[in-house]
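> The lines below spell out each chain.
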Amino acid sequence: MKPSRHVTIVVSLLMVTFLAGSVTLLRHLDAVRSATPLEEVLYISSPKLLRRMSLGYEGLLADVYWTRAIQYFGGHHHQGGQNYALLAPLLEITTALDPHLVVAYEFGANFLAPNPPNGAGMPQEAITMVQQGIAANPDNWKLYYQLGFINYTELKNYSAAADAFERGSRVANAHPVMKVLAARMAQHAGDSQMARALWTTTYNTIHDKQIRANAVAHLRALQSDDTVVALENLALQFRQQTGHFPASFNEMIVSGVLQGVPVDPAGHTYELLPQGKIQLRVPDDLPFAEKGLPPGYKARNRLKSSPEGS
Amino acid sequence: MRRHIAYIASNTFREAVRDRVLYNLIVFALLISGAAILVGQISIDIERLVVINLGLTAISLFGVIIAIFVGIGLVSKEIEKRTLYTVLARPVRRWEFIVGKFFGLAGTLTVNTFFMALGVFAALLYVSQHFQHSDVWVLVALYFIILQFLIVTALALLFSSFSSPLLSAVFAFSLFIIGSFAEDLRGFAAMTQGATRWLATGAAYLVPNLSALNIVSSVAHEQPVSAQLVLFNTAYALVYVGMVLCGAILIFDRRDFK
Amino acid sequence: MAAIEILGLEKTYAVGFWRNRPKQALKPLILSIEEGETFGFLGPNGAGKTTTLKLLMGLIRPTSGQARILGMQIDDLRVKAQIGFLPEQPYFYDYLTARELLSYYAQLSDVPAKTRSADVSGMLERVGLKDSGDVQLRKFSKGMLQRVGIAQAILHNPKVVFLDEPMSGLDPMGRREVRELIEQLKQEGKTVFFSTHILSDAEALCERVAVINQGELKGVGRVADLTSSVSGKVELVWRGADIPAAIKGLGAQGNVIGDTARAIVPEQSQEAALEILRREHLRLISVTPLRTSLEDYFVSKLKPAEVAVGVNR
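Residue numbers (this note's numbering), protein chains in the order written: chain A, 1 to 310; chain B, 1001 to 1258; chain C, 2001 to 2313.
Be a bit skeptical, because a hint or two may be false.
[Claimed, not checked] Examples of chain B residues lying across from chain A (beta carbon under 8 Å, computed):
1) Asp1184
2) Ala1212
3) Ser1217
Keep in mind that the hints were calculated from the coordinates and are not lab data.
We put the CB at the ideal spot given by N, CA and C, even for glycine.
Work out the full structure: start from the sequences and follow the hints.
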């Protein structure tokens, strides 16, 4: 005699049913709850108090909030969100709990400062956060880099940027690029070469996937901008040679000013307009591009940058 | 017979009372009244906040501790002391025994929570001199805390049916902590790939979703609670408890009591 | 009809860290007990008595075989209503009083609510605990606990009662009381199945006994049959300081305690021995034919090694 087979079967079936039920209900619950657990951060008036209440487990709690921050941003960004109100509080709590979590400051620098939908549009908060990071980690060159980065890309405050790169280059074990950037600032502040150097540095020195993807997008835009300018120059050259603007790229190739049909970093061919103007065929695929935009183009997911965020 | 479940449940309740479990109410009463008086003196406009946060968190923690410490012995103590033999020699089905034990401890915790809730509302009255409309959300938070207790009790009972008290306590407590971060765990699982993703997702769905039942902060800030949340949480708790009890029954049914 | 039919119940445990060493606690057992019988299940410690009882109670599951009680399979719930069980060295919820415990058990045994309280009081009185009904069990002595144990086993008026070592740990008074209770159960026509390693109790109470050792049934029989055969020996007791050599020569075994000598001689030599005593002018006290005792039967069924361990008077 074994335990009653009847009972075993009924109970096993019930258990499986309950399991399936619980999974389904969890999905519904997650949908209902989606933002709520994060909104709790708005109630935490003092991250320092939270730190003291963590009973020694701040590191673990910092990791939890860090995970929530990147998911929050990633999720919203993916859907082209305009509002990242919780990003700053989440990062503030993360860095309050673990002031040495450098990647949190880097994330803040890259995504707090830019305007929506690419960031929270809070460059001042980003600066403050990075400065707190420098205070807690004075020997980490990366934070000086981020300080210079924000000042350069978002606030266009070239002198502050140069100053940050300079200070960072004097830190022990600073990456050699810091000296290069500091030097470049003297001559190339404001031009695309400097921008390219910065984004390349970001791409090379930071491991976070979202930050790197963002850097790649910027680099492609810069490349496209340069290409657009170069192509328009070639069109002028053609005009000088032939007396009229080219009607197609083929004409330019035949005449020898162009080697092949130009393709943008997103894989689309450029459009040649009358008067030798170059335009992007699919501007949405190159966010951050500033040249070759169709007239009156306002991307659904971009706004004109302004020196102060919103 | 369902009467057997009621008899076993009431005996389990009686055991808890005579084991002086309810004395924890005294400690709680001291804690909450001390806090209310302290906060009443300082009065920087956050009295309600402190009373609700402290009160509900204390209720939750006290209850979980009782659920675990009493729950892990529910079955193992009966086996160890052999009081089980004379019960199972009677026309009592093994699953009735498990279900009865569950309801006994669940009932104890509900009664305990009721008295503690009285204490919290008394403290609220003391600091703000009148009840507010938003106090009704405190009741919802209390209801969710009781749902939490049901889940933790069921888990402690499950481990009690096959494991030693020490291990059971460790497992149950671990699941309580992990379950409190269940939403983060699911988010984390979604960010991984490959085999890790399967394992992490599986674990994330099996772990009790206690994070959704923890609305203490938002209630302290007088945020309303959606009816949908109440509905889904209730359904989830019932279904999860059912699943765990089924597991406990299957294990208990198969045991030889040497 | 047969009250208890054990049809090849067997229990093997897998022992060892890797569960690879099987240990057979009970070899396939076949035994049948009639209604109204008082049956003794004898064996040394660790023989398999408790294993058998637990199998019958459904506390452990058999590796093979079945059993029926009152014609029903033992995992049938209706069986449980008809049986009572007293485990070995029982322990009850010590936070309850005797009355509360018995009421709880009465509830679980489906004793009707109307009669419950009267039944419990009656039972307390019957086992001699009338005045201790409202004392917490943690204050009870071992003997009192044993009496509560018997009370809970018979409270719902079962037809078959199973007792595991009911006399263990009791003083002579306690043992006598339990003996009397079992006698009463006999009078009421109940089937009583009890295990013990105290042979004198079995001899006094049981109609039939079985001997089990190392998980195996060694013998079954009626007590009357097993002990009635004349052993062919006679015991002589006389006043004297030693045993005359002539008597020793008859193949006698004997001893002297104080001024009383006793010798056991074969029946055929009885007259010769009496003659020797008369010649020596020794004062005869008694002449008693000896029967085989249950102990002899018991011992004969065990291997020699177990004798030292198990025999207990």
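> Decide, hint by hint, whether the structure agrees.
Here's how the hints hold up against the structure:
1. A least Cβ separation of about 6 Å between Asp1184 of chain B and chain A falls short of the 8 Å threshold, and the interface hint therefore holds.
2. Hint status for Ala1212 of chain B relative to chain A: holds, with the closest Cβ pair at about 5 Å, below 8 Å.
3. Below 8 Å, beta-carbon pairs count as interface contacts, and Ser1217 of chain B has one with chain A at about 5 Å; its hint therefore holds.
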